[in-house]
Each structure stands twice: as C-alpha cells, then as structure tokens.
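Novice: Each chain, written out:
2 protein chains.
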Amino acid sequence: MKSNFEKLLKITNKIADLHYANSLLSWDQECYMPSKGSRYRAQQMATLSGLAHELSTSQEYEDLLKRCNEDKNLNSIEKRNVELLLKDYEKAKKLSTEFVQRLSIATSRAFQAWIGARRSNDFKAFVPELENMLSIQKEKAEIYGYEEHIYNALINDYEEGAKVSDLDILFSQVSSKLKPLMDKIASSKQVEDGFMYQNFAKDAQWNYGIEILKQLGYDMEAGRQDISEHPFSTSFSPEDVRVTTRVNENNLYDMLWSCIHEGGHALYEQGLSAEQYGLPCGSAVSLGIHESQSRFYENNIGRSFAFWQLNFDKLKNTFPQQLAKVDLQKFYEAVNIVKPSLIRTDADELSYHFHIMIRYELEKKMLEGSLQVKELKDAWNAAYKEYLNVDVPSDKEGVLQDVHWSHGGFGYFPTYSLGSFYAAQFEAKMKQDIPSFEEDIQANDFTKILSWLRGNIHQHGRFYNSEELCKNATGEGLNFDYFLKYSEEKYKKIYQFS
Amino acid sequence: MKSNFEKLLKITNKIADLHYANSLLSWDQECYMPSKGSRYRAQQMATLSGLAHELSTSQEYEDLLKRCNEDKNLNSIEKRNVELLLKDYEKAKKLSTEFVQRLSIATSRAFQAWIGARRSNDFKAFVPELENMLSIQKEKAEIYGYEEHIYNALINDYEEGAKVSDLDILFSQVSSKLKPLMDKIASSKQVEDGFMYQNFAKDAQWNYGIEILKQLGYDMEAGRQDISEHPFSTSFSPEDVRVTTRVNENNLYDMLWSCIHEGGHALYEQGLSAEQYGLPCGSAVSLGIHESQSRFYENNIGRSFAFWQLNFDKLKNTFPQQLAKVDLQKFYEAVNIVKPSLIRTDADELSYHFHIMIRYELEKKMLEGSLQVKELKDAWNAAYKEYLNVDVPSDKEGVLQDVHWSHGGFGYFPTYSLGSFYAAQFEAKMKQDIPSFEEDIQANDFTKILSWLRGNIHQHGRFYNSEELCKNATGEGLNFDYFLKYSEEKYKKIYQFS
Numbered sequence: 003m004k005s006n007f008e009k010l011l012k013i014t015n016k017i018a019d020l021h022y023a024n025s026l027l028s029w030d031q032e033c034y035m036p037s038k039g040s041r042y043r044a045q046q047m048a049t050l051s052g053l054a055h056e057l058s059t060s061q062e063y064e065d066l067l068k069r070c071n072e073d074k075n076l077n078s079i080e081k082r083n084v085e086l087l088l089k090d091y092e093k094a095k096k097l098s099t100e101f102v103q104r105l106s107i108a109t110s111r112a113f114q115a116w117i118g119a120r121r122s123n124d125f126k127a128f129v130p131e132l133e134n135m136l137s138i139q140k141e142k143a144e145i146y147g148y149e150e151h152i153y154n155a156l157i158n159d160y161e162e163g164a165k166v167s168d169l170d171i172l173f174s175q176v177s178s179k180l181k182p183l184m185d186k187i188a189s190s191k192q193v194e195d196g197f198m199y200q201n202f203a204k205d206a207q208w209n210y211g212i213e214i215l216k217q218l219g220y221d222m223e224a225g226r227q228d229i230s231e232h233p234f235s236t237s238f239s240p241e242d243v244r245v246t247t248r249v250n251e252n253n254l255y256d257m258l259w260s261c262i263h264e265g266g267h268a269l270y271e272q273g274l275s276a277e278q279y280g281l282p283c284g285s286a287v288s289l290g291i292h293e294s295q296s297r298f299y300e301n302n303i304g305r306s307f308a309f310w311q312l313n314f315d316k317l318k319n320t321f322p323q324q325l326a327k328v329d330l331q332k333f334y335e336a337v338n339i340v341k342p343s344l345i346r347t348d349a350d351e352l353s354y355h356f357h358i359m360i361r362y363e364l365e366k367k368m369l370e371g372s373l374q375v376k377e378l379k380d381a382w383n384a385a386y387k388e389y390l391n392v393d394v395p396s397d398k399e400g401v402l403q404d405v406h407w408s409h410g411g412f413g414y415f416p417t418y419s420l421g422s423f424y425a426a427q428f429e430a431k432m433k434q435d436i437p438s439f440e441e442d443i444q445a446n447d448f449t450k451i452l453s454w455l456r457g458n459i460h461q462h463g464r465f466y467n468s469e470e471l472c473k474n475a476t477g478e479g480l481n482f483d484y485f486l487k488y489s490e491e492k493y494k495k496i497y498q499f500s
Numbered sequence: 003m004k005s006n007f008e009k010l011l012k013i014t015n016k017i018a019d020l021h022y023a024n025s026l027l028s029w030d031q032e033c034y035m036p037s038k039g040s041r042y043r044a045q046q047m048a049t050l051s052g053l054a055h056e057l058s059t060s061q062e063y064e065d066l067l068k069r070c071n072e073d074k075n076l077n078s079i080e081k082r083n084v085e086l087l088l089k090d091y092e093k094a095k096k097l098s099t100e101f102v103q104r105l106s107i108a109t110s111r112a113f114q115a116w117i118g119a120r121r122s123n124d125f126k127a128f129v130p131e132l133e134n135m136l137s138i139q140k141e142k143a144e145i146y147g148y149e150e151h152i153y154n155a156l157i158n159d160y161e162e163g164a165k166v167s168d169l170d171i172l173f174s175q176v177s178s179k180l181k182p183l184m185d186k187i188a189s190s191k192q193v194e195d196g197f198m199y200q201n202f203a204k205d206a207q208w209n210y211g212i213e214i215l216k217q218l219g220y221d222m223e224a225g226r227q228d229i230s231e232h233p234f235s236t237s238f239s240p241e242d243v244r245v246t247t248r249v250n251e252n253n254l255y256d257m258l259w260s261c262i263h264e265g266g267h268a269l270y271e272q273g274l275s276a277e278q279y280g281l282p283c284g285s286a287v288s289l290g291i292h293e294s295q296s297r298f299y300e301n302n303i304g305r306s307f308a309f310w311q312l313n314f315d316k317l318k319n320t321f322p323q324q325l326a327k328v329d330l331q332k333f334y335e336a337v338n339i340v341k342p343s344l345i346r347t348d349a350d351e352l353s354y355h356f357h358i359m360i361r362y363e364l365e366k367k368m369l370e371g372s373l374q375v376k377e378l379k380d381a382w383n384a385a386y387k388e389y390l391n392v393d394v395p396s397d398k399e400g401v402l403q404d405v406h407w408s409h410g411g412f413g414y415f416p417t418y419s420l421g422s423f424y425a426a427q428f429e430a431k432m433k434q435d436i437p438s439f440e441e442d443i444q445a446n447d448f449t450k451i452l453s454w455l456r457g458n459i460h461q462h463g464r465f466y467n468s469e470e471l472c473k474n475a476t477g478e479g480l481n482f483d484y485f486l487k488y489s490e491e492k493y494k495k496i497y498q499f500s
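Protein chains in written order, with this note's numbering: chain A, 3 to 500; chain B, 3 to 500.
A portion of the hints provided could be inaccurate.
If chains are identical, the list can't say which one is meant, so a pair holds when it fits in one copy or spans any two.
[Said to hold, decoys possible] With a straight-line Cα cutoff of 27 Å, these simulated DSS-like cross-link-like pairs (lysine-lysine) come out:
{"no.": "1", "residue 1": "K191", "residue 2": "K431"}
{"no.": "2", "residue 1": "K450", "residue 2": "K38"}
{"no.": "3", "residue 1": "K165", "residue 2": "K473"}
{"no.": "4", "residue 1": "K68", "residue 2": "K165"}
{"no.": "5", "residue 1": "K95", "residue 2": "K12"}
For the record, the hints were derived by calculation from the structure and aren't laboratory data.
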C-alpha cells in the first residue's frame with residue numbers, strides 16, 4: 003500500500019508537470035511561436051494553469067498534506083517539504099477564487115494600460131488602472147496579514163521573511179555609504195567606452211557567448227541558449243534549464259553580460275536536486291538568492307579583471323579590427339564604467355541600487371498611503387534628480403519604464419539589490435574557502451567556485467530560508483558592508499582615488 | 003444560463019488544449035530539447051495525456067454528449083460534431099483501463115525490442131514482442147468488433163470506413179496494372195541522377211526550401227520550419243502549424259521533397275477551421291486524406307514539369323556550379339527516376355505502392371493467422387524478390403525498417419497508398435475546374451489550387467467522411483484508374499515508350 007507521502011508525491015508531480023509544461027509553452031511563445039499562434043496559446047496556458055490550480059487547492063491534496071504533516075516516519079527533507087507545501091497551501095487558500103479572478107482581470111487591464119501609456123508616453127493614461135492595481139494589492143496584503151508594515155505582506159511573495167525594517171537599514175546604507183563613493187567616482191578620471199559601440203557581427207557574438215557559458219560550467223546537455231526579445235532563463239526540470247539572449251550588433255555589452263547573467267540563474271536551476279522535482283527542496287529559495295547567482299556571475303566574475311585575463315585575448319581574436327587599439331586595462335575599465343543614467347536595466351553596478359531604492363521608497367509610500375498614484379510621476383522625477391542627478395525627459399524613460407507594477411509586482415524590486423549584496427558576501431567567503439579563487443578565474447577554471455555554490459546554495463533548494471542559507475554559508479546574516487567593501491576596492495583602483 | 007453544447011465546448015476545448023500542449027512538448031523534444039531533458043519530459047507528456055484521458059472519459063462528458071445528442075436546436079455542424087464526438091467516445095469506452103495499460107506496456111516493450119533488434123540487425127530478437135503486440139491488436143479488433151474481416155476493425159482507427167474488400171481490389175490493381183508499367187520502365191531508357199548527390203550547402207538548401215513553402219501558400223505567420231532527425235508536421239491550432247525538415251548536404255532530394263511533402267500536410271492543417279478548434283469538424287478527416295494533401299504537393303506538383311519551369315532556374319542560381327551541366331529536362335527526369343529499391347521511405351512514386359502492398363498483405367495474413375510472426379522475415383524477403391526484384395541483404399534494410407508495427411500500427415500502411423490515389427483523382431478534377439491549372443503552376447501561382455483544396459477538402463474537417471468528401475469533390479468514390487492514368491501519361495513521356 004502506498005504511504006500518504008507517496009500519494010502526495012503523485013499530486014506534486016502532476017502539479018509540477020503542468021507548471022513546467024506551461025513554462026515550455028511560454029518559452030516557445032517568446033522564442034519561436036509564429037504571431038498568429040497567440041490566440042490559442044493563451045487559452046492553452048490558461049487551461050494548464052487552471053488544472054494545476056485545481057489540483058493544488060483540492061480537498062484530497064489538503065487532506066494528504068495534513069496527514070503527512072502528522073507522519074512521524076518522514077526524514078528531515080520530507081518533513082521540510084511537507085511543512086513548506088502546507089504553508090504555501092494555506093497561504094494560497096486565503097485568496098478566494100473571486101479575489102484571484104479580480105486580480106487577474108486587474109492585471110491584464112493594468113498591463114494593457116501600461117503598454118498604451120508607454121506608447122503614447124503619457125503617465126496619466128496609466129493612473130486609473132495603477133490606482134486599481136494598488137488598491138487590490140493593499141487588499142491582498144490585508145488578506146495575507148502582516149506585522150509592522152503592509153509592505154512586509156507583499157515582499158513575502160518574492161523574498162520570504164524580508165522586512166521593511168531591514169530593507170530601510172539596507173537602503174539607508176546605499177544612500178549614506180554608496181552615494182559618497184559615487185560622488186568620488188564622478189569627480190575622478192574619465193573612463194572611455196566608445197569602442198563598445200561599434201559593429202560586432204551577430205554570429206561571432208553568439209558563439210563567443212556560448213563558449214563563456216560552457217566555461218562557467220553551464221551543462222549544454224541539460225540546457226540550451228536561444229534568442230528572445232528580452233533575455234530570460236527558464237527551466238522544465240533541473241535537467242532542462244534554458245537561457246535566452248539578444249544580440250545587438252552595435253553594442254557589445256548587451257549580449258555578453260545578459261548571457262553571463264542568465265547563465266548564473268541557470269547554474270542555480272541546474273544545481274537544484276532533480277530527485278526533489280516539484281518539491282520545495284527542489285525549488286529556488288527566493289528571488290533575492292536567485293538574483294545573487296546571476297549577479298555574482300555577471301558582476302563579481304564577469305566584470306572582474308581576473309576573468310578577462312584569458313578571455314580578453316579570445317575576444318580580441320574574435321573582433322580583431324574593432325578591438326585593435328584596446329588593451330586589457332582599457333577594456334576592464336570600460337565594462338565597469340559608472341555613469342548615472344535614466345534606465346534601470348542599462349545601469350552600472352553601483353548606480354543600479356539607486357534605481358532600486360527609488361522604486362522601493364515610492365512603492366512603500368504608495369502602499370502606506372503617503373503618496374498618491376497621481377503624484378507618482380513628479381515624485382519619480384524628483385528622486386532621479388536627487389539621487390542620480392539626471393533630468394527625466396519623458397515618462398517612457400521615467401516612471402513608465404518598468405513592467406513590474408502593471409503586473410502587480412509590488413515588493414519585487416528590492417530583490418534585485420538583495421541579489422548584489424548577497425553576491426558580494428558570498429564572494430568574500432568564497433575567497434576564504436578557495437585560496438586559489440583569483441587564479442582559478444584567471445585560468446577559466448570555475449570548478450571550485452561552482453562547487454562552492456552547489457554545496458552552499460543550489461543543492462538545498464528551500465530546505466533553509468534565505469537568511470539561514472546566508473548564515474550557514476558565510477557565518478552571518480546579510481551584511482551590506484561586503485558590497486560596500488567590494489565596490490570601494492574595485493572602483494578605487496579603476497577610478498584612481500584614495 | 004449556459005446551454006449543454008456550451009458546456010460541452012468547455013470540455014472539448016480543455017481536452018484540445020492538453021492535446022496541443024502535448025504536441026508542443028513533443029515538437030520540442032524532436033527539435034530542441036537537450037538530451038538530459040528526456041526523463042521529466044516523458045513524465046510531463048504522460049501527465050498531460052492522462053489528464054486529457056480523464057476528461058474525455060468522465061461521466062460529466064458522457065452526460066453532456068448524450069444531452070446534446072438529443073438537442074433539437076443545434077445547427078448541422080454542431081449536430082455533426084456531437085454525433086462524431088459521441089461515436090469516438092463510445093469507441094474509446096470499449097477499451098477498458100486494464101486493456102489500455104496493457105497495450106501501452108506492450109507498445110513500449112515492442113518499441114524497445116525493435117530498436118534493439120534493428121541495432122543488432124536481428125529480426126529474431128523482435129519476434130516475441132511482435133507476437134505479443136499482434137495478439138493484443140487481435141484482441142483490440144475483437145473488442146471493437148467488425149464485419150467481414152478482422153483487419154477492418156484496425157484500419158478504422160486510421161481510415162474510417164476503409165474495408166479489406168476495397169483494399170484488396172485496389173492492391174490487385176497495383177499488382178495487375180502498375181506492375182506492367184514498372185516493367186516497361188525497367189526495359190526503357192536509363193535516367194541519370196548522379197548530379198543530385200553532390201555537395202549542396204545546408205543554408206542554401208534551407209533558404210530554397212523556405213521559399214518553396216511560401217510559394218505554395220504556407221502561411222509563415224501561422225507556422226515555421228525547424229530541423230529534426232525525421233521530418234514531420236504538427237499543429238497546435240490551425241493558427242500554429244509547423245513543419246520540420248532535415249538537410250543532407252550530399253543529397254538534394256532529401257530536404258526539398260520532404261519540405262514540400264510536409265508543407266502539403268501543413269496546408270491542410272492551416273486550412274482547418276480555427277473556430278472549430280478541438281472539434282471533429284475542425285480536425286483532419288483521415289490519414290489517407292491527410293496523405294493525399296502531402297503527396298499531391300510532393301508528387302503531382304513538386305515532381306511535375308510545370309513546377310520546375312521557373313523554379314529550376316532559381317535552383318540553378320542557388321547551386322550554379324553543381325547544376326552547370328544540367329538542363330530542365332534532365333533535372334525533371336532525375337527527380338522522377340523509377341528504381342525499385344529496399345527502403346520504403348526512399349522509394350519512387352511508383353514502386354512505393356509495392357512496398358505498401360507487401361506490408362498490407364503481410365499484416366493482413368498475420369491478423370488472419372495464416373502467417374506466423376516467426377515466418378514474417380522469409381515472407382518479407384520473398385515478396386520483395388517477387389514484386390520489386392530485389393534481394394534483401396539484411397533485416398535492417400528489410401523487415402525491421404519501419405517503426406509502425408512496433409507501435410501497434412496494424413492497418414496504418416494502406417493510408418499511404420490511398421493518399422497517392424486520392425491525390426491523382428483530385429488533380430484530375432482540379433484540371434477540369436481550373437482551366438489555367440498548368441499555367442498557374444508554371445507561374446508559381448498556387449492561389450486557385452489551394453483555394454480548390456480549401457473549398458473541397460480542408461474546410462470541412464470531419465463533417466464528411468473520406469468517401470463523401472471524395473464524391474463531393476470529384477463526383478465519384480476513390481478510383482484507382484486516375485492514379486494509373488496519371489502514372490502512364492507521365493512516365494511514358496519520361497521513359498519514352500508507347
């Protein structure tokens with residue numbers, strides 16, 4: 003006779019199968035689907051989601067979860083899986099079908115309004131739907147319940163356990179400690195990166211990117227890269243984890259670092275336990291930790307001097323004409339240029355966190371009620387002037403640039419910054435644990451680094467939460483000082499100040 | 003309040019969504035999936051099939067079907083949909099879950115055994131599993147029930163209404179009327195096609211194939227072509243119908259005609275009614291009719307003199323060196339070379355039907371019990387000697403060449419020949435209905451031809467059965483003489499006999 007846990011596994015496997023099948027439909031939609039395919043593709047995806055939802059809210063599933071939760075014979079991983087599944091179930095159950103449908107309608111209306119407003123470059127056209135979305139998000143927070151601050155209820159969907167009280171401290175450090183660093187950079191020497199904007203043949207860029215992915219340890223037998231409008235990574239099991247990139251023939255930055263960034267996400271997913279398929283212990287722990295993996299590879303590795311020791315020669319061989327007058331030092335400086343600008347996704351490693359801080363502060367105020375949606379644009383523009391000293395010339399390049407709020411993603415943005423901060427902290431510990439850290443990178447040998455990440459992060463899935471994972475791996479909880487120290491040391495050398 | 007028919011549509015849509023999602027998973031598996039992805043892909047596909055099966059055998063579905071069947075307010079298309087859905091349902095219900103599972107296990111075992119036997123080139127290793135498969139197929143035929151001949155029960159799954167009594171007459175004509183034609187060809191002039199086996203760059207072949215597909219009217223906004231090991235076409239709705247091809251750098255036949263053949267299948271699927279999504283009137287009527295579309299384009303169009311009037315120049319421009327010494331007549335003769343050989347899938351337009359006839363006779367005898375599985379190899383080799391005058395040097399090139407029997411596809415093969423015979427009959431009528439038939443093809447204008455097929459075949463789905471469709475379109479049921487006449491006229495000219 004089958005145990006309750008085995009019966010439970012049958013359901014979690016089915017839910018995962020539907021979820022991953024849907025991810026493939028979505029991947030295909032972004033990469034290959036012909037335009038007329040969209041009508042029935044949308045319907046097919048809705049059907050698979052609906053069936054997954056039915057299974058994961060069924061009485062049978064609840065009963066099994068409760069019986070497993072009382073089962074004394076489960077091992078520690080099984081126990082943790084049941085505990086988290088039950089928690090997820092109880093959280094999902096709080097939202098009524100009526101609410102979920104209302105949220106889904108509001109999301110699709112807000113998204114359409116955002117598209118239209120962006121096209122006409124007119125924030126006002128987005129206001130009514132954003133107001134509606136905000137009010138639904140507030141309602142969701144009240145249904146979930148929270149301590150201290152309404153924001154805590156929402157960020158919990160992306161970064162379990164994150165709190166406004168901690169985030170406020172983090173971002174106050176961005177402001178108080180990163181701002182002076184930015185100011186020093188601004189008044190130091192100029193870095194030149196014009197050569198990154200020449201013509202670089204698509205195929206050559208593509209092949210170079212593939213080689214980099216392989217170097218980093220991305221398993222091409224359990225993944226592949228394709229082209230899509232916006233780069234992303236997705237997975238259909240830890241044994242089929244895909245990345246996408248885009249290639250801009252007139253900009254060498256675009257493909258190369260999006261490829262390394264998505265590669266970092268994919269290495270995490272490939273490192274999850276395939277035996278824990280569909281279970282919390284086989285799933286990524288949080289968006290912040292996920293982003294720590296992509297940013298570690300993108301910035302700590304991909305923008306390091308060591309990484310380009312061998313790779314720059316290869317790049318020069320690939321584009322001999324374009325890079326004829328560029329040496330390693332010049333290239334290294336260019337890929338680390340710090341230049342406050344308008345668009346988050348184009349931002350450098352440092353000013354990036356001001357983009358995030360601005361969004362965090364604004365969405366927090368909107369949720370608190372101290373900022374009205376109709377005042378958002380002015381507040382946005384003022385914040386960009388204050389923190390990045392740039393004038394916002396249009397809504398499209400300002401408050402309308404990100405899709406997140408139209409999707410209902412309030413509380414999502416901070417996870418991007420958390421990712422960088424975790425990455426710096428992990429790197430500091432890795433340098434202690436792997437004495438050959440620098441030399442390994444110089445030699446394009448990423449075996450030990452990947453194995454550190456596999457052992458400390460990837461393999462655990464959600465067995466530990468983010469904070470525990472960070473403590474186990476580094477001996478302490480998230481500490482902004484690592485990112486500050488990393489940044490100071492790096493940019494002091496590049497911009498030559500003391 | 004929703005009508006029963008609307009409620010029924012909700013279920014048929016869900017079943018179709020699951021079915022088409024599964025087709026995408028399968029397409030991806032053939033075209034893009036990395037090797038390690040296979041384990042969970044198999045599980046995901048089994049889950050989607052299982053859910054579709056649950057829906058299509060549910061009590062709710064049966065009740066709705068029966069209520070709709072008594073509904074006097076349905077229009078003729080709705081009525082026909084309900085009638086066919088009910089028929090399919092009742093047929094499927096005859097097979098018990100126990101039987102379906104047994105069949106599924108037998109299929110996967112027979113398939114594995116076939117793979118192994120093929121690898122070791124040893125038919126004996128396949129015998130036990132093929133015997134098991136044959137006995138299950140006999141059992142299935144008995145469960146379905148049949149008139150006249152056990153074979154009729156099985157072919158019905160692929161070609162509704164087809165009967166041994168008709169097929170026997172058809173294939174006796176292959177033997178009595180096509181054989182003399184083949185003999186004449188064999189004793190006439192030699193056709194030379196060595197130039198088709200030079201080096202033809204992959205990209206150039208690919209681009210040429212895409213242009214041909216577009217010419218024929220394949221809608222690239224509702225489809226795309228990719229590479230797979232074995233060419234196939236598949237669809238996820240009439241608005242997303244894809245083809246695949248393979249490109250052999252040392253053989254110009256391979257890509258070009260597989261591309262046109264799959265294009266013919268795809269034109270049929272693109273011509274089905276998108277509004278009848280998931281319903282019988284939005285589905286292809288039979289494998290024979292499906293094959294008539296692919297073979298019409300592949301042979302009647304793609305191997306016609308008219309088709310190459312303009313296209314040969316384009317081909318010469320694409321491969322100027324390789325085709326320098328080839329003129330249109332020589333090329334036309336080469337692509338119509340008749341040369342009895344061992345492998346069905348490489349066979350020419352005429353000897354192809356002997357390959358089919360041999361399989362038809364053998365599987366019929368096995369089902370009747372007049373041929374034992376263990377005698378199959380000798381019977382196969384004898385038949386090839388008798389009908390095609392070739393000696394079979396190995397099981398791999400003989401009785402083990404096709405996957406069909408290992409998949410349980412008894413009764414499947416004749417649909418390939420039916421396709422060619424229908425195609426010839428349709429072409430004869432088209433020539434009457436479209437006076438500019440030849441000139442249109444010469445000018446690469448396929449508008450009227452496609453519109454004839456859309457109006458007479460594609461748009462009807464399963465509203466009419468194959469026989470009705472053929473009668474409505476051509477004024478009579480399937481008549482082998484059209485194929486004979488088409489063949490005689492064509493090959494007389496090429497091989498210059500009277």
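Novice: When Cα atoms must be at most 27 Å apart, do K450 and K38 count as within-copy, between-copy, both, or neither?
Specialist: The answer is between: 23 Å across copies meets 27 Å, while 47 Å in one copy does not.
Novice: With identical chains treated as interchangeable, where does the CA-CA distance between K95 and K12 reach 27 Å or less: within a copy, between copies, both, or neither?
Specialist: Close inside one copy (21 Å) and across copies (25 Å); limit 27 Å.
Novice: Using 27 Å as the alpha carbon limit, work out where K165 and K473 are close: within a copy, between copies, both or neither.
Specialist: within (17 Å within a copy, 74 Å between copies)
Novice: If the cutoff is 27 Å on CA atoms, where do K191 and K431 land: within, between, both or neither? Let me know, please.
Specialist: Intra 31 Å, inter 81 Å, cutoff 27 Å: neither.
Novice: State whether the alpha carbon distance between K68 and K165 is at most 27 Å within one copy, between copies, both, or neither.
Specialist: So K68 and K165 fail the 27 Å test inside a copy (29 Å) and across (57 Å) alike.
Consistency with the previously given hints fails for numbers 1, 4, ordered from lowest to highest.
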